Structure formats: structure tokens, C-alpha cells
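Visitor: Residue strings, one per chain:
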Amino acid sequence: MSGSLRDTNLEGWNRPPVIVPDGEGELLEVAMGPHHPSTHGVFRMDLALDGERVVRLKPVFGYLHRNHEQIGETVSYLAMMPYTDRLDYICSLTNNWAYALAVEKLVGQAVPERAEYIRVILAELTRIVNHASAIGFLIQEMGASGTPLMYAFREREKILDLFESLTGSRMMCNYMRFGGCRVDPSAAWLDATRKVVAGLPQFAHEFENLLMSNEIVMARCQGVGKLRPELAINAGVTGPMLRASGVNYDIRKVDHYGVYDRFKFRVPLGDHGDIYDRYMVRVLEIHESIGILEQALKEIPGGPVMDPKAKIRGFRPKPGEAYGRIEGPKGELGFYLISDGGNSPYRFRVRPPSLINLTVLEDMCLGHNVADVVLIFGSVDIVLGEVDR
Amino acid sequence: MEEGLKIELGKQGVFVTTIEELYNWGRKNSVWPMQFGLACCAIEMIATTMARYDLARFGAEVFRPSPRQADLMIISGTVTKKMAPQVVRLYNQMAEPRYVIAMGACAISGGPFKQGYNVLKGIDRYIPVDVHIPGCPPRPEALLQAFMTLQKKIEEQPLTGEGRPRHLDAEAQGEFPVPVQGEHDLEPTSNKLVWPLPVVIR
Amino acid sequence: MKSVEEIKAAIEAAVPGAGVEIVPNPSPSGQHSLRLLPSHAVAVAYFLRDDEDLGLDFLSNLTGVDHLDKEIAEKVKVTRQVTKTVDGVEQTVDEVVEETRKHMEPGYLETVYHLFSMAKKHGPVVLRMRTVNRTDEVELPSVTPVWRSAEFQEREVFDLYGVVFTGHPDLRRLLMWPEFKDHPMRRDYKEPDDFEYEPTPHDTVLARAKDHKAAVAGQEGTGTGL
Ligand code: SF4
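Protein chains in written order, with the numbering used here: chain E, 393 to 781; chain A, 204 to 405; chain R, 2 to 227.
Simulated from the structure, these hints should not be mistaken for lab results. It is possible that part of the hints are untrue.
What the hints assert, rightly or not - With a Cα cut of at most 35 Å, we get these calculated DSBU-like pairs of lysine-lysine:
| no. | chain 1 | residue 1 | chain 2 | residue 2 |
| --- | --- | --- | --- | --- |
| 1 | R | Lys9 | E | Lys710 |
| 2 | E | Lys645 | R | Lys122 |
| 3 | A | Lys356 | E | Lys550 |
| 4 | E | Lys710 | R | Lys214 |
All of these numbers come straight from a predicted model, not from anything done at the bench.
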């Protein structure tokens, strides 16, 4: 990390710079979205263009605002678990984990060791699915329609089959519980997982070699959409995007939640904070995740997957509050719960990494062409279900 | 014409058909969906187009980003009140003949989020839906099944008389009113023509 | 990391008159919070961010909480002098009686901030602020100039709870459409009458159906089917 916050001019330094349009002509105002093939769903950006150059960008949210927080305050703690699947619908299992972790903090619930290992395995598989699809979508937006995404989805199907055989659903797994996991994976499932994991390094290398040194990818990604580390920290950016700017902050290493301190893995960091770094950080994280998976699958102990003392029915935490967070594939996913002693939370809040990572979208896009906006936006890696909740 | 005679003629190298059959055969095998994802179900829709499920087998792999070039709108996900006017507007922009598949519990009725203040309780309040797929999310196989159902529906549409496709019916309603976002809710809350309130007779 | 008491002392040393109050959290998570006075909040925020030891450079989570007006019934012990006859002699004795006293506690909107440090890798420090009431005095200072990550989250709290952040550069609704008038996450928000016929209404659905029937009674052309 270069420079500290203190050397910067505090007066308005964290506002986006103002780009002065060229003297002639008018600014063209474009509403990009909510139906636009590159916006990953229903996201809208109001752009002001000077020719091809972006001089202003205002994101507009809410087209997928599904009232998770309101629903969370009316249904019971356990009934909220399936809704968390639908927050970031590519990585339902990490959402489950974050929510379970927050509730476990709220009531002081312990989790058996085997369950912790299963959580790590599932979370890392989810991370691979997410990063592979994110890269696939990014390259698709660059114009390579289909091929990289097909590679990503081919691998995704293999992993989804594992999820399905364990949890009963491909996407909406609803698997974790407060104090453990819902079902114990059989030895056959673990073997099948080992087999899939054994095939992953080859996929990762193939996927990497497919694109890493591609001339078009390099020309369009390098030096585009730069994000300064100081701004990234100040704007609360988390996840691969923060690390691509060179800030070493991985909640798996910082909070030591679960059993992550037992595994050896490295945290990939970028130097420039441009699109290419974000893309490479994701590729390297896939490699690290495979490493964690191999270790976890080797060491996984026996035992129960659910704390026998855990309460499931009539779950009423004592009054109090807790904030629990994990390193989701997109960044820091946190849940903030206030209990008033009832059977549903008094306040249920999701801290969405995707929404907060978009704070700096304008800063990254200013001065670039419209075509680059699509790429910069793709490199943030958002899911609308989580942005709008 | 008799079925047996037709087969007999076919053996002789003479193929007999009706305009209606030929026309619908062509239509049903080139349904181009609009590239329009709303929420979680859209991910399953993308998975359907990928190698494993291969929607291309049904002549529908060409996802068009523009509504003007699309025949089919797959409403894949939750329609919120903020999004509903845009969905209706996109539907209005599609050229006839156009079809709608409501994919997933959310598009049908609001699904798990039905009680939310910003969630539209089913898209058939504003536009007519041809095929509903239950599920949350429906599996890709279910989307394929919906496709086949839609193809069957297209195949069976007569070209004249009652039940003909809307582009052959001069009187048919083409524009659907776009709801306005009001101070508390959408106005009107439903299009009474496509979603009449039920009347219970006791 | 410093404990909440130490942070409180540090703040009070650096920002005189900050009036920080510790809000204990009885849950096992042990995340106690500090309540700030809105008048000094921005100065405290700058201090927390720039202090050498704390270095809370990362505002992770910012959210609102709604507390309705509520009637508080308290049991108070009151000592009264009663005249009693003990063993035939009249005496004045002190007696402790329990009385229930009721008073209205005005509701308020609260914002909660979770701060972490990326440089020092510690956290969370939880801050809270309250508005005066829920209706007209709902201003709180914005911390967007201090932490940019507050930008969208404050807009969201403004949208869903109606807290007005003074000093926010661009305070508009974030999630609902601009014409929308209500603040839907407030606990007394009533959804518009959006009735849907159900063959077997029960519980809340039945209550809604009844409300709807009462609302449209007498209007013509509203074939409710009930
Ligand atoms: S039906 Fe289920 S999967 Fe589909 S959009 Fe709704 S919540 Fe998501």
C-alpha cells in the first residue's frame, strides 16, 4: 500500500474528479440499462458522454430490490436461511455461511470440526464457480461470445452436481444451520468431490492459458479502470477488487473464522489495480482455492456435523446484536442482526459487497470510452440480487 | 387429406402439406428469445444455453439483445415494481408474433418474495403469459420442457378464425398500457384486460 | 485492539465535549458500541480514522434502525409510611410498595456504523447515533466526506428509513423510484392495498382480505370476488 490517508488533501479528495468537456457541442446523456446485455441483469447507469468519453456516470439501483431486509424482520431466523441463497445467487453457500456465522455469534454457538471443514470445502468450491463465471462474463463482454463462458459453465456443472447430490438443489442449497450443517456428506460424496477437485488444476491452467496472454485481452484490460489503493480502502471496496489494487486484506486471514488458519494459502495481490489485475487476481485465487480444497479434503475429520446442543425449533436468541462477516467471493459479506428476544430479528441487515464495490465505479470510468465502461463494470463482478437485495 | 394417403405419397417422393403446417413448422423452429435476465432464474437460463443442456437443439440459441429482433421473452426472475414498467415497455416493443414464458415462482406470483413491498405479484398482471414454469429456480430441463410446450402451442395455432396468432388478427390488442410509478404503488396495479379479478359465484 | 472504554477515553481526550456513551451489548458476541452526539460526530469520525493507534480507515457497514414510540411500564419501589396497629399499639412504619408507572418514550431513528482497520487489521468498532424523533427532526451528519463507502449506504438509509444526512453530496433515493413517498423499512409502514384473491385465506392474508373488503365497500366496479 502506497501513501497513507494523511498525506492526501482531505477536502473533497475522495470525490470523483470533475472532467471538463471539450468546448464544442453538447453532452450526450445516455441511460444504459436496466435492460442492457452487459449489465448482468437489471442495472442502470446514467452516463454523460462527450463524444465517446465518459464525463459523468451515475448508477441507478433498485430494479431488483426484493426487500430481503424487510422479510428478514418478519420471518423466523431459520426461515431466513433459504432467502440468503437468493442474495448472491451464484454463491449461495457462502451466503449461508455468513448468515450462520452471524447468528452463531449472536447466540455464542459452537460448530463441530467436521462441519467447519465441510463449510470450507463448499465455500471454496463456490469461490471457484464464482470466479470462473465472473471471468467468463468479463471476456464475453469483450466480444468473445460464448467460448470462455462455456468453459466456465462446463466446470460449474460438475460442481453443481456435487452440490445437488449433497444438498438437493443445484443453486439454492439452503445447507447450513446455526451450529453446523444440515446433512452429513457420505464417503462417496467426498470421493466424488476429490475426483472433481483432482480435475480442477487442469481446468484452471487451461482457462488461464486460453486468455492470459491474449493480445486483445491485454490491450483492452491493461491500464484501464485503475483504482488507487487509498481510494479503494476509503470507499470500502473489498474482495478481489481491493486486492488487485495491492491492499493485503483477506478476511480469511484477518478474522480466522472457521478453520482457515489451518490451511496454507497465499493471498494474490495486484500492482496496478486495473482490469487485468482484477482478472489475474481471480485466476490466482482459483489456484489457491484448489490448494485449500486439497488440504481440507485430506484432513477432514469424522464426527457430528451438527452441534448436539444447538437449538433448531423455537430458536429465540437473547436480546443483543452481532455483526458477522466472511470473505465471500465478491468481497466482505456481512450480516448485522439485532435480537429483541423474539423469534425473528428486530433488525436484519445485509452488508452487500457488490453494492459497496460499485461506489468507485464512477471514479474508474471517468475519461474512458463507453466500450471500456462495459469492461470496467464487468471487472467489478457484481450480482444484482445482492446489490439491490 | 388422409394420413395414410399422405404417407403413401411420401413414399413416392411427393410431399403434401398445408400452408398452415408449413408456416407453423417454420415458426416453431426458429423462436429467438430476448436476452433478458432479471434474477436468479436468469443464471439457469444461461446454463440452459450452455453446452450441457444446449438450447440450440430447439432452434433457439440466438439470444437477441434487442426486443425488435426477438419472438420470445423469457421473464426469468423477480419483477419488481420498479422494473415492471420497463418489462411492459420491452414487451410492447417486440414485434408480433411474440410469446412470453414466465420462468420461476417469482415471475408467476412473486414467489418467495411475495410479501415484499417492491415486488410485483406476478407478471401476468400486465402482459399475457403463454407458458408458466414453476420452480425456484426451475431446472434447465424445465425450461426445455417449457420450450417444447411453446413449440407445440405454436404448431397448433390455426392461421384463420378464433385463436389465430395476434399478428394475423387486425383487431388484436397490440399495445399494453405501461404502469406508472406513483407515490405509493404502481398505477394501475393491474391491467384488467389481461388479469381480470376473479368472481366467485356462490 | 483497544477496548471500548479506552476508545471512549481517547475520543474524549481528542474531541472535547464529544459526549460518548457506551452502549453495552449483552449478547455473547460482545460487540459493545459507542453512542455519539450528532453535533460532534464528524470530528470524532476524523479522529477515529486518522488516529495512529486506531486507524479505522474502513467503514464496513452503515445501517439504520427504527425504534417506534413505546409505552414503558416500569415497576418502581416506593417507600410509604403506613400506620399500622401492632400488638394493640398504633405505629407508623415504612413499607415498600411496588407501583407501576407508565410513560411514553418517544421513538427515534438510529444509525449504526461498523468500523474496521485495514492497516492494523482489527475491528469492529461499533458507533451509533440517534435522531431526536421520527417525524421532523431526523437530521444526522453525513460521514461520506470521511469514508466514501458511506455514500450509497447513507442514501439507502435515507430511502428506507428517512434519515436526512446533512453534508451528503448527493442525497437521493437509492432503491425505490424517485416519486415514491414512503419510507418502507420503518416499522409502521403500511403497504398499499394490493389485494389478491385467495381461496383459503388465513392469518395475515385473512386480515388483509378484510381490510380490503372494508376499503372497497361501496365502490362500484370493484368485483372483489369475496
Ligand atoms: S423463482 Fe426463485 S430462483 Fe427464480 S428469481 Fe425467484 S427467487 Fe430467484
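Visitor: With reference to the structure, classify each hint as holding or not holding.
Guide: To see whether the hints hold, each was checked on the structure:
| no. | hint | in the structure |
| --- | --- | --- |
| 1 | R:Lys9 with E:Lys710 | holds (26 Å) |
| 2 | E:Lys645 with R:Lys122 | holds (10 Å) |
| 3 | A:Lys356 with E:Lys550 | holds (34 Å) |
| 4 | E:Lys710 with R:Lys214 | violated (40 Å) |
When each numbered hint is compared with the structure, a violation occurs for hint 4 only.
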